[in-house]
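Hey, can you work out the whole structure from these sequences and the hints?
Chains as they are written, first to last, in my numbering: chain V, 1 to 353; chain Y, 354 to 720.
Note that these hints are calculated values from the structure, not bench results. Because the structure is a prediction, the values reported are computed rather than measured. Think of the CB as a built atom: it goes at the ideal place given N, C-alpha and C, for glycine as much as any other residue. Honestly, I wouldn't trust all of these hints.
[What the hints assert, rightly or not] Counterexamples of contact, computed for chain V against chain Y with all Cβ distances above 12 angstroms:
| hint | residue |
| --- | --- |
| 1 | T31 |
| 2 | I45 |
| 3 | A111 |
| 4 | A145 |
| 5 | F166 |
| 6 | V181 |
| 7 | D208 |
| 8 | F302 |
[To be verified] Only some residues are given here: those of chain Y computed to face chain V with a beta carbon under 10 angstroms:
| hint | residue |
| --- | --- |
| 9 | Q423 |
| 10 | P448 |
| 11 | A453 |
| 12 | S581 |
| 13 | K614 |
| 14 | M636 |
| 15 | L637 |
| 16 | E638 |
| 17 | W651 |
| 18 | D655 |
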Amino acid sequence: MNAIRRRFQPEQVRELVLIALIIGIIIFFGTQIENYFSPRTFTRISTSVAVVAIVAVGQTLVILTRNIDLSVGSIVGFTAYVVGTYLAANNDLPPALAVLAAVGIGAVMGAFNGMVVAYGRVPAIIVTLGTLAIYRTLLVEISGARSVLTSALPRWLVNLPPVNVFSIGAIDIRLLFAVAVLVVIVFQLIVTYSAWGRRLYAIGSNPDAARIAGFPAQRIVFTAFVLSGALAGLAGFVFLARFGNITVVAGQGIELQSVAAAVVGGVNINGGIGSPFGAFLGALLVDIIDNSLIRWLAISEFLRNALLGLLILLAVATDTVIMNRLRKLWSRHELQVATGQAPTEKGKGHRAV
Amino acid sequence: MFKQSLKGLSLLLIFSVLLAACAPAVAPAPQAAAPEAAATEAPAEAPAAEGEGVPMVLMPKFLGILVFDQAYQGALEAHNEIGNPAQLQFLGPTPENSVAGQIEILTNATTQGVKAIMISNNAGDQIAPAAKAAREAGMTVVTWDSPIPSAEGEQVFVAQVDFDETGTVMADMARSILGEDGGKFAVLSASPDAANQNAWIAALQRVLEQPEYANLELLEIVYGNDQSEDSYNQALALVDKYPDMELIMAPTTVGIAAAAKAMQDEGLCDQVKVSGLGLPAEMLEFTLNGCAPEFALWSFVDLGYLAYHVAYKLATGELQGVEGETFEAGRMGSYTIEKDPTREAGLRVLMGPFTVYDASNVEAAAQ
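Okay, here's the thing in C-alpha cells:
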C-alpha cells in the first residue's frame, strides 16, 4: 500500500476514477437502451467526440497556465469556412497542404490572442471574449453570405468521415477519431516529459514564483495560446470533413463545450492541475451521456438537457468526493512519515488540504 | 480543493453570464451601420409623401446566411423598379447575437429616421415592445419569413407559403418517397421553440390524420437546434432507435443537409431517405446520389420582392393595412391582405407556392 502511495499521486489516480465513472455510465445505459453494446455505438460516439476532444486539448494547455481561450469556437468556424472555400475552388490542392493551412490559420488567430494576453497583460477572458466576436464577424464579412457546399468539395474530403484506420474485431477506428487520439497522446507526452510542459504547470500553480524563478512566463503563455489556436484550426478541418456544408454559424458553442470537457476531466480552472488525457476523458464522458440520452426512449426531448446537466454535475461531484478521500489518505500518510506518529484523532485536524 | 472547485464552477457561471451580456456590446454590426443611417436622417424629418423617398431597412434573422441575402436581392430589385430615391439598407445582427441585436437595430432605426422596416423575426414576442414603439413613432413595420407571434407592433406579415400547405407538401413528399404502402418516418426540426417549424409540423400532423395518409406513421419529433453537429447526431440516433424507419423529414435547411450527410457517411442512404425543406445548392450532392430524392422550398428572392412592395405601399399610404385590401406587386401580380389563420391575431399577405426539387430540376436551381 505504501509503495502504491509513493508511486502515484492523487491527480494520477483521478483519470482512473473518470474511467470507472465512464464504465459505470455505459453499463447503466446498456441496461436501458436496446442494442447499446454494439460496435455501432462505439462508432457513433467516437466520431462525434473528435472535434471537441481536439479543441479541449488546446483549451487544457491554456487553462493550465491560469488563462482561458473562449475564441476557439469562432476559430473552428473560421478555419472550416476559409479552408473549405479554398478547397471548393481548388479541388486538386494536396490534402496535406489543406490540413497545414487549417492549422496555420488557427495558429495565427491563437497568436493574436496570446500576444495580447501575454505581452499586453490583458485578462484572457476579456481578450478571447473579444476575439470570439471579432473572428465570427470577420467570417460573416468575408463569407458574403455564401456557404461552403458539399457538392463543390473534393471527393477525398467528403468521403473522409467513413474512412477506417484499422478495425479491432467489429470495432472500427475511424481516421478522424484516430487523429483526435493521436493529438491527445502527443500533448499528454509533451506536458508530462518536456521542460516546456512542466513549466505550464509551474506558471499555473504560482505565476509569481515562476517569474521569480526566471521562467520565460510570457513566452510560454503565448505558445500555449498559439497551440490552442492551431488545434482549433485542426478541429476546423475535421469539422469541414464531417459536415461538408459550412455556414457562418459553424462551430458556435464549441468554446463552452471545450471548457466543460476540460473541467469535467479534472483540469482546474485556476491553473496548474489537469492533463490533456483528463480533458479527453471529460469530453468522452459528456459525449457518451449526450449521445446515449438521445437514444433513450424513456426521456423526452425537453427533459434531455436538464438531465445532461444533472448527470454531468453528478459525475463531477462523485469525482470530487472520491478525490478528496484519496487526498486525505495521502496526506495522512505523509503526516505519518513526517512526524513518525501513528494516525491519531489529533492528526485528523491537519488533513484538510 | 472543494473550495477551489466551487470557485471554478462559479467562474464558469460568470463566463456564461459574461458571454450573454458582453456579446451584444462587442458585435459591431449595428454600430457599423449607424453612419449610413445618419446620412438619411435629414430628408426623413418630413412625412413620407409620395415621391419623397422612403428610407427602408430589411432585417434578416442574422447576417451571413444565403437565403436572407437572396431576399435582399429581391427587395433591391423592387427598390430600383419603384425608383425610391431614399436608401434601402440591409441590416442584421451577427449570428451569436441574433435576438438582442434585432431589438437593438429596430430601436436604432426608429431614432434614425427610417420610415419602414421589414423584419424576419428571430426574437419571438420579445421584439413586440420595440416594434410597438416604432409604430408609435410613425414607422411602418412589416414582418416576412417569420412573424411576431402575437402580431403586436406588426402591420402585416408577408408569409412565404401557407403554413397548412407546408404540411401537405411534406406529407406528399413522404408518400412519394415511401411509395404506395407507406411506412414509418421521423421529423428532425430546428429548436423546440421555433415558431414556423412548429406550425409546419402541426400542419403535417393534421394532414396525417386524413384517411389517404393513414399508412404514414410519424414516430417521433426530435430537435437539432439548427446546428450541424446536433442535427447529425440526432439523425443517427433516430436510425439507431427505430430500425424500421425509412425516412427523416427535416423542415429546416441545416437539419436536412446534416441528416443527408450523416446517412451518406454511414452508408445508410439505401435504407433511410431524407426529405424536407432545403436549399438546392446545399442539397445538390444528396439529391443526385439518392440520399435525399425530393425536397421543397420557396423563392427567397420573390419573398424579399413582395415584402418590399407591401412595406413601401404601407409607408406611402397607398395601403392602409386592413383586411381585404388588394394591391399590385410589380412582376408578381395581384395580392390581397387577409386575416392570418395561423395566428390568434394579425394580417398576412400570402406568397406561395412551393417548388419541389428532385434529380430532374435540382441542378438548374443550384446555380
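Results for each hint:
no.: 1; hint: T31; result: holds (16 angstroms)
no.: 2; hint: I45; result: violated (10 angstroms)
no.: 3; hint: A111; result: holds (20 angstroms)
no.: 4; hint: A145; result: violated (4 angstroms)
no.: 5; hint: F166; result: holds (18 angstroms)
no.: 6; hint: V181; result: holds (19 angstroms)
no.: 7; hint: D208; result: holds (18 angstroms)
no.: 8; hint: F302; result: violated (7 angstroms)
no.: 9; hint: Q423; result: holds (8 angstroms)
no.: 10; hint: P448; result: holds (5 angstroms)
no.: 11; hint: A453; result: violated (13 angstroms)
no.: 12; hint: S581; result: holds (4 angstroms)
no.: 13; hint: K614; result: holds (5 angstroms)
no.: 14; hint: M636; result: holds (9 angstroms)
no.: 15; hint: L637; result: holds (4 angstroms)
no.: 16; hint: E638; result: holds (4 angstroms)
no.: 17; hint: W651; result: violated (18 angstroms)
no.: 18; hint: D655; result: violated (18 angstroms)
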